[in-house]
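For reference, the chains in residue letters:
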Amino acid sequence: MADKTRTVLVVDDDPDFLAQMSMMLSSKGFRVLEASSRPEGEKLLEQERPDLAVLDLMMENEDDGFVLSFHLRQKYPDVPVILVTAVTRETGLQFNPVEDRHDWIRADAILPKPIRFEQLEKEIDRLVHD
Amino acid sequence: MTDAPQRLKLLVVDDESGMRAAIARSLRDFTVSLESVGGEVTLDIIQAASGEEAILKLESEKPDMMLLDHKLPGISGLDVLAWLSDNRPEVLTVMITAYASLETAISATKKGAFDFLAKPFTPAELKASVRKALSHLMALKKARQLEEEKKRVRFQFISVLAHELKAPLGAIEGYLYILQDRSAVQDPAAYDRVVERCMVRLSGMRKLIMDILDLTRIESGQRKRELVQVDLRELAGASIDTMASDASRRGITMSLEAPGGQCVLEADRGEMEIILNNLVSNAVKYNRDGGMVTVRLERQDGAVRISVSDTGIGMTAEEVAKLFGEFVRIRNEKTKNILGSGLGLSIVQKLANAYGGTVTVESRPDEGSTFTVTLPVRPAAAGSGE
Numbered sequence: 001m002a003d004k005t006r007t008v009l010v011v012d013d014d015p016d017f018l019a020q021m022s023m024m025l026s027s028k029g030f031r032v033l034e035a036s037s038r039p040e041g042e043k044l045l046e047q048e049r050p051d052l053a054v055l056d057l058m059m060e061n062e063d064d065g066f067v068l069s070f071h072l073r074q075k076y077p078d079v080p081v082i083l084v085t086a087v088t089r090e091t092g093l094q095f096n097p098v099e100d101r102h103d104w105i106r107a108d109a110i111l112p113k114p115i116r117f118e119q120l121e122k123e124i125d126r127l128v129h130d
Numbered sequence: 131m132t133d134a135p136q137r138l139k140l141l142v143v144d145d146e147s148g149m150r151a152a153i154a155r156s157l158r159d160f161t162v163s164l165e166s167v168g169g170e171v172t173l174d175i176i177q178a179a180s181g182e183e184a185i186l187k188l189e190s191e192k193p194d195m196m197l198l199d200h201k202l203p204g205i206s207g208l209d210v211l212a213w214l215s216d217n218r219p220e221v222l223t224v225m226i227t228a229y230a231s232l233e234t235a236i237s238a239t240k241k242g243a244f245d246f247l248a249k250p251f252t253p254a255e256l257k258a259s260v261r262k263a264l265s266h267l268m269a270l271k272k273a274r275q276l277e278e279e280k281k282r283v284r285f286q287f288i289s290v291l292a293h294e295l296k297a298p299l300g301a302i303e304g305y306l307y308i309l310q311d312r313s314a315v316q317d318p319a320a321y322d323r324v325v326e327r328c329m330v331r332l333s334g335m336r337k338l339i340m341d342i343l344d345l346t347r348i349e350s351g352q353r354k355r356e357l358v359q360v361d362l363r364e365l366a367g368a369s370i371d372t373m374a375s376d377a378s379r380r381g382i383t384m385s386l387e388a389p390g391g392q393c394v395l396e397a398d399r400g401e402m403e404i405i406l407n408n409l410v411s412n413a414v415k416y417n418r419d420g421g422m423v424t425v426r427l428e429r430q431d432g433a434v435r436i437s438v439s440d441t442g443i444g445m446t447a448e449e450v451a452k453l454f455g456e457f458v459r460i461r462n463e464k465t466k467n468i469l470g471s472g473l474g475l476s477i478v479q480k481l482a483n484a485y486g487g488t489v490t491v492e493s494r495p496d497e498g499s500t501f502t503v504t505l506p507v508r509p510a511a512a513g514s515g516e
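In the order they appear, the protein sequences are chains U and Z. For the first sequence, the working numbering assigns the number 1 to the initial residue and increments by one for each residue that follows. For the second sequence, the working numbering assigns the number 131 to the initial residue and increments by one for each residue that follows.
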């Protein structure tokens, strides 16, 4: 990954998560586009095609992550998508299990929050090629 | 209440068809008005001529209540009772026993029958017995319903609480991963920012835990309320001091107005602090930079009025309507960077109600909000217990 700077779009309504992803990814030489809502994310996607997208599953509106992922797939079918989520089954909260929607979304990876650096790196190495 | 009467199923078990018919006739149009359920109960009657048939109908028809003759041709009434206690213990049974057979009556109640009725009985005696049984049955049902509702609310509360505690933990854990890796925080400013954010999230988590403790204490009535003469002017001044550094960092001016001088009421000091601290800290948190917070204390007609006004982001009418629920936080573009437990106003409202007082809100988006708590100078006797 030497010759060209890659761009990652990170969309999450949690400012701490955005800050963390930004720190991790920029230390790996990525250019990070941050958005804190689906509309902001969509706007950035109008302007450019990222090399990777990291999207929070549930933002202000429960489905925002799914919807954004869907739109991104429509516009740029080749851009890999990593969905992240803090909601796991153990909380007992009502939500649509990731497995149900996995096929529809065709996310390339789903990672639980908080994200470990090496985990993210592994997925990036797997998903982003030259 | 003018609800339609509740229909319960009564299974009559007797080998004499004449007896079954007589019971059915007496109870067909029998309506019991029960104050405990705030309504009327009527019975749908089903019949069985033997213990075996009774067990089949207990399974298929799921009656609520049973009138059970002791002397039956095959298995006895006591056998049916034994089956019932293993399989459908919620069915309430009144045992019909032969006249003067006290022994049977005693063993029946030992085996779980609610009551017994000695043969021969008059329709009036039958009705009195059924009325007694129904009222017991409905009280049990109501208690069970309340218990389930309580469990559900509790589960929901704990689920949301777990989620709210996980959020800051996750954020802090994420920052620790970054520190652990070192390569991402070579810049000292980035390092400082990581530490600062961890502190902020930790203090938010501590606030949440403190709020939970306040809330459970108020709800359980565990903590004794110590009613003393409290000068709100003094407490409001202290709340303002507590928030002073946060306010000055954002150029927010705070002022206290008490046109009547002292503002004294009979209350628990700690609880008045909780009310004022929550309102004043909200007024700072949801303010704009360079804004104003005004705390105004007034006494009139046996009540005190605490108004806390800000010049902040304000709320729409829809947002105001949701505001006092537990864990409700108004989430929008303007509030996304503001941390809170979502319990503060729920606590304020519970406390105000406990004193027989009220909380009201006036708000306009982008102009600000005024929260007004009105409390009686002396708490109402009814409200001070819990």
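Because the hints were derived from the structure by calculation, they are not lab data. Being a predicted model, the structure only gives us computed values, none of them experimental. For glycine and all other residues, C-beta sits at the position ideal for the given N, C-alpha and C. Take these hints with a grain of salt, some might be off.
[Stated by the list, open to error] Distance condition first, Cα-Cα at most 30 Å in a straight line; then the derived DSSO-like pairs of lysine-lysine:
| id | chain 1 | residue 1 | chain 2 | residue 2 |
| --- | --- | --- | --- | --- |
| 1 | U | Lys43 | U | Lys75 |
| 2 | U | Lys43 | Z | Lys464 |
| 3 | Z | Lys337 | Z | Lys249 |
| 4 | U | Lys122 | Z | Lys296 |
| 5 | U | Lys28 | Z | Lys296 |
[To be verified] Listing some non-contacts, in silico: residues in chain Z with all C-beta distances to chain U over 10 Å:
| id | residue |
| --- | --- |
| 6 | Thr172 |
| 7 | Leu232 |
| 8 | Val315 |
| 9 | Arg323 |
| 10 | Arg327 |
| 11 | Arg331 |
| 12 | Ser333 |
| 13 | Arg399 |
| 14 | Thr424 |
Now the hints, each set against the structure:
1. This hinted pair checks out: Lys43(U) and Lys75(U) have alpha carbons roughly 12 Å apart, not beyond 30 Å.
2. Restraint check: the Cα-Cα separation between Lys43(U) and Lys464(Z) comes to about 19 Å, which is no more than 30 Å; the hinted pair holds.
3. Taken as a hint, the Lys337(Z) and Lys249(Z) pair is broken in the structure, with Cα atoms around 67 Å apart against an allowance of 30 Å.
4. The straight-line distance between the Cα atoms of Lys122(U) and Lys296(Z) is roughly 25 Å, inside the 30 Å bound, and the hint therefore holds.
5. Under the criterion of a C-alpha separation no larger than 30 Å, the hint pairing Lys28(U) with Lys296(Z) is consistent with the structure, at around 28 Å.
6. Annotated as non-interface, Thr172(Z) keeps its C-beta farther than 10 Å from every C-beta of chain U; the closest such distance is 38 Å.
7. The non-interface label for Leu232(Z) is consistent with chain U: the shortest C-beta to C-beta separation is roughly 53 Å, beyond 10 Å.
8. Here Val315(Z) does not stay apart from chain U, with its beta-carbon only about 7 Å from theirs, under the 10 Å limit.
9. Interface exclusion of Arg323(Z) from chain U breaks down, the closest Cβ pair being 7 Å apart, not more than 10 Å.
10. The beta carbon of Arg327(Z) sits about 6 Å from the closest Cβ of chain U, which is not more than 10 Å, so the claim that it is off the interface is violated.
11. A beta-carbon of chain U is positioned within 10 Å of the beta-carbon of Arg331(Z); the least distance is around 7 Å.
12. The beta carbon of Ser333(Z) is kept farther than 10 Å from every beta carbon of chain U, the shortest such distance being approximately 14 Å.
13. Once the 10 Å rule is applied to beta carbons, Arg399(Z) is consistent with being away from chain U; the minimum gap is 36 Å.
14. No Cβ of chain U comes within 10 Å of the Cβ of Thr424(Z); the nearest lies about 30 Å off, and the non-interface call holds.
In terms of the numbered hints stated before, the structure departs from hints 3, 8, 9, 10, 11, listed from lowest to highest.
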